[in-house]
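Make the full structure from the sequences, and use the hints.
Number of protein chains: 2
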Amino acid sequence: MGHEEPLLLPPPPSATTINPSPLTVSVPSPSASASAAPPTSLAPGFRFHPTDEELVIYYLKRKVSGKPFRFDAIAEVDIYKSEPWDLFDKSRLKTRDQEWYFFSALDKKYGNGGRMNRATLQGYWKATGNDRPVKHDLRTVGLKKTLVFHSGRAPDGKRTKWVMHEYRLVEEELERERAGAGPSQPQEAFVLCRVFHKNNIGPPNGQRYAPFVEEE
Amino acid sequence: MGHEEPLLLPPPPSATTINPSPLTVSVPSPSASASAAPPTSLAPGFRFHPTDEELVIYYLKRKVSGKPFRFDAIAEVDIYKSEPWDLFDKSRLKTRDQEWYFFSALDKKYGNGGRMNRATLQGYWKATGNDRPVKHDLRTVGLKKTLVFHSGRAPDGKRTKWVMHEYRLVEEELERERAGAGPSQPQEAFVLCRVFHKNNIGPPNGQRYAPFVEEE
Chain Z
1 MGHEEPLLLP PPPSATTINP SPLTVSVPSP SASASAAPPT SLAPGFRFHP TDEELVIYYL
61 KRKVSGKPFR FDAIAEVDIY KSEPWDLFDK SRLKTRDQEW YFFSALDKKY GNGGRMNRAT
121 LQGYWKATGN DRPVKHDLRT VGLKKTLVFH SGRAPDGKRT KWVMHEYRLV EEELERERAG
181 AGPSQPQEAF VLCRVFHKNN IGPPNGQRYA PFVEEE
Chain S
1 MGHEEPLLLP PPPSATTINP SPLTVSVPSP SASASAAPPT SLAPGFRFHP TDEELVIYYL
61 KRKVSGKPFR FDAIAEVDIY KSEPWDLFDK SRLKTRDQEW YFFSALDKKY GNGGRMNRAT
121 LQGYWKATGN DRPVKHDLRT VGLKKTLVFH SGRAPDGKRT KWVMHEYRLV EEELERERAG
181 AGPSQPQEAF VLCRVFHKNN IGPPNGQRYA PFVEEE
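Quick note, the sequences are listed as chains Z and S, same order. One point on numbering: in full-length UniProt numbering, the residue at position 45 of the first sequence is 45, and numbering is uninterrupted. One point on numbering: in full-length UniProt numbering, the residue at position 140 of the second sequence is 140, and numbering is uninterrupted.
These aren't lab readings, by the way, just hints derived from the structure by calculation. Careful, some of the hints might be misleading.
[Unchecked claim] One side of the interface only, derived from the structure: several residues of chain S facing chain Z at Cβ under 7 Å:
1. R47
2. F48
3. Y58
4. F71
If you're wondering where the values come from, they're calculated on a predicted model, not measured in any experiment. We put the CB at the ideal spot given by N, CA and C, even for glycine.
Here's what the structure looks like:
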């Protein structure tokens, strides 16, 4: 059954199961309780490949509203406490595709127009280009900022191939949430970050995804 | 809990579960037994987005070898018995992204160089361009053929925007399987088909994927 064993978790209790189900309605097994939210190994070909819209309107919006997820796919980290190449280790979804997603507490300075301090121990994330709107239906629900990691210290930092897409909710969207919210009032407390290495970006069937390993 | 309910399946037995797990090690629930292999609704952002390599070396190779899958994602159909726009109904993975995968029995004529009859009731699939090799490690394990659906009858058929990628194993790969195979000898009995509508192809975060519906 070696080929049937998941990558990162002990064999299922019922090792005879031929088609273990990735259904979101399946009952968590003892070895993978939902509350524990252990690292996940998806079956070959299955990927967490969300659209900007899904990241903002589902994952980020629910995070700031304290609403539950059908699957808790995104870990909360202090994104600037790690170097980009160390982040994969903190990702909840374990994949060899070098693209990871995190929630990170929003720097308060952000709110009142100040610049965020995006420095890490060995470098800093520098914004590039303009923020792009993320649309849902016809309205703008979020903003997407692209940042490039520079090693060293500004202004002498060296540009690297590590890239971050930082998503945040627009104030209007938070107002909508607050309007419909119960006791727990949503706060603009988090951003959602996609971190990846530029070399790994290509056409969907190209080098963007890790080569298949038969042991999977 | 409406937001937590899956799209196409009854609510989970344990409706209180906050993070139902798509883990391949999870124990199938009564409402979703592995043998039944019911339609699947993945959590937002999760997609079946396999590489050519995964389709050939994992899904197609295991299918012809009669080996089990970690998750039985691809239904077996007689692909030419349906019009392309009717196929989604037969897909095991229910997604609003208009891209579907199927195994289809291989036309025997295929083997000895003859042309396959790829006609449906209302049209026919016409090959376009050259077959492209699918590589695993450094060897060619499969061939990928692109076909375009034409309505009507050749040579007067009208080109449509329905496209099929047809994957088949190369003979060398089958020999490798036979060499290591047990009692059940693999036969080149199937092709793997990806069917999609051209209008829906775009950058990964663009219109390729269906817009998010909050009810999800």
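List of violated hint numbers, smallest to largest
The structure breaks none of the hints.
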